[in-house]
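*Asks:* Residue numbers (our numbering), protein chains in the order written: chain V, 19 to 388; chain C, 3 to 201.
A few of these clues could be false.
With a straight-line Cα cutoff of 20 Å, these simulated EDC-like cross-link-like pairs (lysine to aspartate or glutamate) come out [said to hold, decoys possible]:
{"id": "1", "chain 1": "C", "residue 1": "Lys112", "chain 2": "V", "residue 2": "Glu347"}
{"id": "2", "chain 1": "C", "residue 1": "Lys63", "chain 2": "V", "residue 2": "Glu373"}
{"id": "3", "chain 1": "C", "residue 1": "Lys38", "chain 2": "C", "residue 2": "Glu14"}
{"id": "4", "chain 1": "V", "residue 1": "Lys314", "chain 2": "V", "residue 2": "Asp345"}
{"id": "5", "chain 1": "C", "residue 1": "Lys57", "chain 2": "V", "residue 2": "Asp368"}
{"id": "6", "chain 1": "C", "residue 1": "Lys38", "chain 2": "V", "residue 2": "Glu347"}
{"id": "7", "chain 1": "C", "residue 1": "Lys45", "chain 2": "V", "residue 2": "Glu347"}
{"id": "8", "chain 1": "C", "residue 1": "Lys57", "chain 2": "V", "residue 2": "Glu373"}
{"id": "9", "chain 1": "C", "residue 1": "Lys41", "chain 2": "C", "residue 2": "Asp86"}
{"id": "10", "chain 1": "C", "residue 1": "Lys38", "chain 2": "C", "residue 2": "Glu56"}
{"id": "11", "chain 1": "C", "residue 1": "Lys25", "chain 2": "V", "residue 2": "Asp345"}
{"id": "12", "chain 1": "C", "residue 1": "Lys45", "chain 2": "C", "residue 2": "Asp22"}
{"id": "13", "chain 1": "C", "residue 1": "Lys41", "chain 2": "V", "residue 2": "Asp296"}
{"id": "14", "chain 1": "V", "residue 1": "Lys79", "chain 2": "V", "residue 2": "Asp277"}
{"id": "15", "chain 1": "C", "residue 1": "Lys63", "chain 2": "V", "residue 2": "Asp368"}
{"id": "16", "chain 1": "V", "residue 1": "Lys190", "chain 2": "V", "residue 2": "Asp137"}
{"id": "17", "chain 1": "V", "residue 1": "Lys125", "chain 2": "V", "residue 2": "Glu41"}
{"id": "18", "chain 1": "C", "residue 1": "Lys63", "chain 2": "V", "residue 2": "Asp95"}
{"id": "19", "chain 1": "V", "residue 1": "Lys54", "chain 2": "V", "residue 2": "Glu383"}
{"id": "20", "chain 1": "V", "residue 1": "Lys293", "chain 2": "V", "residue 2": "Glu177"}
{"id": "21", "chain 1": "V", "residue 1": "Lys190", "chain 2": "V", "residue 2": "Asp296"}
{"id": "22", "chain 1": "V", "residue 1": "Lys248", "chain 2": "V", "residue 2": "Glu269"}
{"id": "23", "chain 1": "C", "residue 1": "Lys63", "chain 2": "V", "residue 2": "Glu383"}
{"id": "24", "chain 1": "V", "residue 1": "Lys314", "chain 2": "C", "residue 2": "Glu81"}
{"id": "25", "chain 1": "C", "residue 1": "Lys41", "chain 2": "C", "residue 2": "Asp22"}
{"id": "26", "chain 1": "V", "residue 1": "Lys293", "chain 2": "V", "residue 2": "Glu141"}
{"id": "27", "chain 1": "V", "residue 1": "Lys54", "chain 2": "V", "residue 2": "Asp137"}
{"id": "28", "chain 1": "C", "residue 1": "Lys112", "chain 2": "C", "residue 2": "Glu198"}
{"id": "29", "chain 1": "C", "residue 1": "Lys41", "chain 2": "C", "residue 2": "Asp12"}
{"id": "30", "chain 1": "C", "residue 1": "Lys112", "chain 2": "V", "residue 2": "Asp345"}
{"id": "31", "chain 1": "C", "residue 1": "Lys112", "chain 2": "C", "residue 2": "Glu160"}
{"id": "32", "chain 1": "C", "residue 1": "Lys57", "chain 2": "C", "residue 2": "Glu74"}
{"id": "33", "chain 1": "C", "residue 1": "Lys38", "chain 2": "V", "residue 2": "Glu383"}
{"id": "34", "chain 1": "V", "residue 1": "Lys225", "chain 2": "V", "residue 2": "Asp277"}
{"id": "35", "chain 1": "C", "residue 1": "Lys25", "chain 2": "V", "residue 2": "Glu347"}
If the Cβ cut is set under 8 Å, some of the chain V residues that face chain C in the computed set are [said to hold, decoys possible]:
{"id": "36", "residue": "Arg337"}
{"id": "37", "residue": "Val340"}
{"id": "38", "residue": "Lys341"}
{"id": "39", "residue": "Asn346"}
{"id": "40", "residue": "Asn349"}
Think of the hints as simulated: they come from the structure by calculation, not from any bench. Beta carbons are placed, not taken as given, at the ideal position from N, Cα and C, and that holds for glycine.
Each chain is listed here by its residues.
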Amino acid sequence: MPQTARFEQPLRLRSGAVLARYELVYETYGQLNAGKNNAVLVCHALSGDHHVAGYYSEQDKRPGWWDNMIGPGKPIDTERFFVIGVNNLGGCHGSTGPASIDPATNKPYGASFPVVTVDDWIETQAQLADYLGIRQFAAVVGGSLGGMQALQWSITYPERIRHALVIAAAPKLTAQNIAFNDVARQAIITDPDFHGGNYYAHGVTPKRGLRLARMLGHITYLSDDVMGSKFGRLLRSGAFQFNYEVEFEIESYLRYQGDKFAESFDANTYLLMTKALDYFDPTHHQEEASLTLALKPAVAGFLVVAFTTDWRFAPERSREIVKALLDNERNVTYAEITSSHGHDAFLMPDPHYHELVRAYMGRIEQGGAA
Amino acid sequence: MNAHADHRADFETIASLIADGAKVLDLGCGDGSLLKYLKQTRKAWGYGVEIADEKVLACTKNGVNVIQTDLETGLSGFESGSFDYVILSQTLQAMKHTEVIMREMLRVAKQAIVTFPNFGYWRHRMQVISGHMPVSPNLPYQWYNTPNIHLCTLQDFEAFCATLNVRILQRIVMHRGQQISLMPNLLGSLAVYRVEQLS
Numbered sequence: 019m020p021q022t023a024r025f026e027q028p029l030r031l032r033s034g035a036v037l038a039r040y041e042l043v044y045e046t047y048g049q050l051n052a053g054k055n056n057a058v059l060v061c062h063a064l065s066g067d068h069h070v071a072g073y074y075s076e077q078d079k080r081p082g083w084w085d086n087m088i089g090p091g092k093p094i095d096t097e098r099f100f101v102i103g104v105n106n107l108g109g110c111h112g113s114t115g116p117a118s119i120d121p122a123t124n125k126p127y128g129a130s131f132p133v134v135t136v137d138d139w140i141e142t143q144a145q146l147a148d149y150l151g152i153r154q155f156a157a158v159v160g161g162s163l164g165g166m167q168a169l170q171w172s173i174t175y176p177e178r179i180r181h182a183l184v185i186a187a188a189p190k191l192t193a194q195n196i197a198f199n200d201v202a203r204q205a206i207i208t209d210p211d212f213h214g215g216n217y218y219a220h221g222v223t224p225k226r227g228l229r230l231a232r233m234l235g236h237i238t239y240l241s242d243d244v245m246g247s248k249f250g251r252l253l254r255s256g257a258f259q260f261n262y263e264v265e266f267e268i269e270s271y272l273r274y275q276g277d278k279f280a281e282s283f284d285a286n287t288y289l290l291m292t293k294a295l296d297y298f299d300p301t302h303h304q305e306e307a308s309l310t311l312a313l314k315p316a317v318a319g320f321l322v323v324a325f326t327t328d329w330r331f332a333p334e335r336s337r338e339i340v341k342a343l344l345d346n347e348r349n350v351t352y353a354e355i356t357s358s359h360g361h362d363a364f365l366m367p368d369p370h371y372h373e374l375v376r377a378y379m380g381r382i383e384q385g386g387a388a
Numbered sequence: 003m004n005a006h007a008d009h010r011a012d013f014e015t016i017a018s019l020i021a022d023g024a025k026v027l028d029l030g031c032g033d034g035s036l037l038k039y040l041k042q043t044r045k046a047w048g049y050g051v052e053i054a055d056e057k058v059l060a061c062t063k064n065g066v067n068v069i070q071t072d073l074e075t076g077l078s079g080f081e082s083g084s085f086d087y088v089i090l091s092q093t094l095q096a097m098k099h100t101e102v103i104m105r106e107m108l109r110v111a112k113q114a115i116v117t118f119p120n121f122g123y124w125r126h127r128m129q130v131i132s133g134h135m136p137v138s139p140n141l142p143y144q145w146y147n148t149p150n151i152h153l154c155t156l157q158d159f160e161a162f163c164a165t166l167n168v169r170i171l172q173r174i175v176m177h178r179g180q181q182i183s184l185m186p187n188l189l190g191s192l193a194v195y196r197v198e199q200l201s
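Okay, chain V solo, but in the shape it has when bound (with noise of 0.2 Å):
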């Protein structure tokens, strides 16, 4: 069941903006041993939030997010691992965000709610492991954006993680990125029922915009391959309608998909993650700052994990992470996983993939520190 942190002294996030206070929701699975080291994060991507496996009650529909990767026996084992999920800061989950009320006018943020970043997340996180009594995590895991801070937590808290699980990520965007991100913003902010962000007084939500974002994110999660497979050419009615109503399976499938998004998802978050995604950099937008001096103080061990169709994300991305481990001379392993399932690959069960997050989780118990 989820829980809420609440933190009362005033947070001064990498933009200068300053929260009063926020408050977190997270949920733990599992049990935190005597000598507090079984402790799992795991980070969430763009829409994902703190429920990340198990079923609320018998009448949910479907489990957590990572419910294939988390939960009794499966490779992220919380019979042995305490696991905690966490939504966070700006999300729209419950944890404190665009839609929350701000408490110096009462009325929701909107778009006076702060831009933060993957550095805001880490220090956010900090505090919630103070608050939880861990001092040390024995693996912070993320896949996407979740990998990025990951591997964010091993520059910032060395001492802090014992491991680090990269999965799906990247150390930075490339321009086609950040490209797709503001394709995706723009559709957002151009709705009419944007408001400048502080839609919430008008009793609407940009939900035009936001099924539009989601559409072209979802294009970039899948590979050409897997939607060929899925989809093809096939039309719903068998035959050409020539109008612009749904005819492909393709269109059926992303305006549902677009649809189911835009009911439950806050729009001002989805504009808050991706400019998150834009800014992170462990090199901090040095451009003579190498990737190799950047992770230069972690000491974790590292589990990074690419897979093969992954155009969002490319595996030649996660490469860029272990040759600057390697020139760090840290303990590292990477996988690249065969897969047909594009970025989205990352949340599918595969037996491969998850026989080896498996067998680094059971390292991990065995070896204490990396």
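Position chain C against the provided structure of chain V, taking the given hints into account.
*Replies:* Using the frame of chain V, we list chain C on its own:
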């Protein structure tokens, strides 16, 4: 593959060639057991390189650092001169780009240790004379299913090193775990070389 005892002798020989605490890159590292052995016996550490999924998994289970890469594409993910030793154990003969990997090995490491089955071993020669491709404990495949596409003898390998301006620092020739000093190109079935690049 070799019987366990032979494998062990192979490991012991390699361990005898490296310095304590050395930083090692093991190409085609299999399940990581050589690196594990070198860690235990020599306090060596480093990384394995493998392409096969099941071997990457085996290394992970063995607690050995492994980087999943195709050796045929070179070692661009590794910095020049960043290892004390690079090991290519019974893999050279299966490589498509033999020259490329030799050059790459001696780019990333100060010294390379290369082991391969000696095609000039007398039983192999006898089999060729009798009209067949050799099949032996060191070459356990039939001609049609062998991964070994670049087999060579000790003399061939030494000539190859000369063309690459590679100096041979040490050579150990073995048969069934025993060192062979008499007529090694005839009586030895496994060759172990320690080499370095001359500038």
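*Asks:* Could you run down the list of hints and mark each one as holding or not?
*Replies:* Do the hints match the structure? See the list:
1. Restraint check: the Cα-Cα separation between lysine 112(C) and glutamate 347(V) comes to about 16 Å, which is no more than 20 Å; the hinted pair holds.
2. With a C-alpha separation of about 10 Å, the suggested pair lysine 63(C) and glutamate 373(V) falls inside the 20 Å cut-off, and the hint holds.
3. Between lysine 38(C) and glutamate 14(C), the direct Cα distance comes to roughly 12 Å. Compliance with the 20 Å bound is thereby established for this hinted pair.
4. Simply put, lysine 314(V) and aspartate 345(V) have alpha-carbon atoms about 9 Å apart, close enough for the 20 Å limit, and the pair holds.
5. Pair hint lysine 57(C) plus aspartate 368(V) holds up; C-alpha atoms about 17 Å apart against a cutoff of 20 Å.
6. For the hint linking lysine 38(C) to glutamate 347(V), the alpha-carbon distance of about 17 Å falls within 20 Å, and the restraint holds.
7. A distance of roughly 15 Å separates the Cα atoms of lysine 45(C) and glutamate 347(V); the hinted pair therefore holds under the 20 Å criterion.
8. A threshold of 20 Å between alpha carbons decides the hint, and for lysine 57(C) with glutamate 373(V) the separation of about 12 Å falls inside it, so the pair holds.
9. About 14 Å separates the Cα atoms of lysine 41(C) and aspartate 86(C), which keeps this hinted pair within 20 Å; it holds.
10. With a C-alpha separation of about 17 Å, the suggested pair lysine 38(C) and glutamate 56(C) falls inside the 20 Å cut-off, and the hint holds.
11. A C-alpha spacing of about 12 Å is found between lysine 25(C) and aspartate 345(V), which places the hinted pair at or below 20 Å, so the restraint holds.
12. Restraint check: the Cα-Cα separation between lysine 45(C) and aspartate 22(C) comes to about 6 Å, which is no more than 20 Å; the hinted pair holds.
13. At roughly 41 Å between alpha-carbon atoms, lysine 41(C) and aspartate 296(V) are farther apart than 20 Å, so this suggested pair is violated.
14. Simply put, lysine 79(V) and aspartate 277(V) have alpha-carbon atoms about 17 Å apart, close enough for the 20 Å limit, and the pair holds.
15. A distance of roughly 18 Å separates the Cα atoms of lysine 63(C) and aspartate 368(V); the hinted pair therefore holds under the 20 Å criterion.
16. For the hint linking lysine 190(V) to aspartate 137(V), the alpha-carbon distance of about 13 Å falls within 20 Å, and the restraint holds.
17. The straight-line distance between the Cα atoms of lysine 125(V) and glutamate 41(V) is roughly 16 Å, inside the 20 Å bound, and the hint therefore holds.
18. A C-alpha spacing of about 16 Å is found between lysine 63(C) and aspartate 95(V), which places the hinted pair at or below 20 Å, so the restraint holds.
19. For a cut-off of 20 Å, the pair hint linking lysine 54(V) to glutamate 383(V) stands: about 13 Å separates their Cα positions.
20. Of the pairs offered as hints, the one joining lysine 293(V) and glutamate 177(V) is violated, with about 28 Å between alpha carbons and a cut-off of 20 Å exceeded.
21. Simply put, lysine 190(V) and aspartate 296(V) have alpha-carbon atoms about 8 Å apart, close enough for the 20 Å limit, and the pair holds.
22. With a C-alpha separation of about 12 Å, the suggested pairing of lysine 248(V) with glutamate 269(V) holds against the 20 Å cut-off.
23. Taking the CA atoms of lysine 63(C) and glutamate 383(V), the gap is near 12 Å; set against the 20 Å cutoff, the hint holds.
24. Under the criterion of a C-alpha separation no larger than 20 Å, the hint pairing lysine 314(V) with glutamate 81(C) is consistent with the structure, at around 16 Å.
25. Distance check on the hinted pair: lysine 41(C) and aspartate 22(C) sit about 9 Å apart at the alpha-carbon level, within 20 Å; holds.
26. The hinted pair formed by lysine 293(V) and glutamate 141(V) meets the criterion: a straight-line CA distance of about 17 Å does not exceed 20 Å.
27. Among the hinted pairs, lysine 54(V) with aspartate 137(V) is inconsistent with the structure: their alpha-carbon atoms are about 25 Å apart, more than 20 Å.
28. Restraint check for lysine 112(C) and glutamate 198(C): the C-alpha separation of about 6 Å stays at or below 20 Å, so the hint holds.
29. About 15 Å separates the Cα atoms of lysine 41(C) and aspartate 12(C), which keeps this hinted pair within 20 Å; it holds.
30. For the hint pairing lysine 112(C) with aspartate 345(V), the CA-to-CA distance comes to about 16 Å; that is within 20 Å, so the pair holds.
31. Proposed proximity of lysine 112(C) and glutamate 160(C) is supported: the alpha carbons are some 19 Å apart, at most 20 Å.
32. Taking the CA atoms of lysine 57(C) and glutamate 74(C), the gap is near 17 Å; set against the 20 Å cutoff, the hint holds.
33. Distance restraint check for lysine 38(C) and glutamate 383(V): the Cα-Cα separation of roughly 18 Å lies within the 20 Å cut-off, and the hinted pair is therefore satisfied.
34. Under the criterion of a C-alpha separation no larger than 20 Å, the hint pairing lysine 225(V) with aspartate 277(V) is consistent with the structure, at around 8 Å.
35. For the hint pairing lysine 25(C) with glutamate 347(V), the CA-to-CA distance comes to about 9 Å; that is within 20 Å, so the pair holds.
36. Of the supplied interface hints, the one on arginine 337(V) holds, with its beta-carbon coming within about 6 Å of a beta-carbon of chain C, less than 8 Å.
37. A hinted interface residue such as valine 340(V) counts as satisfied when its beta carbon comes closer than 8 Å to some beta carbon of chain C; here the least separation is about 6 Å, so the hint holds.
38. With a least beta-carbon distance of about 5 Å to chain C, the hint placing lysine 341(V) at the interface is held under the 8 Å criterion.
39. Annotation: interface hint on asparagine 346(V) violated; nearest CB of chain C at approximately 10 Å, more than 8 Å.
40. Here the hint on asparagine 349(V) is kept, as its CB sits about 6 Å from the closest CB of chain C, short of 8 Å.
Checked against the numbered hints above, the structure violates hints 13, 20, 27, 39; every other hint is satisfied.
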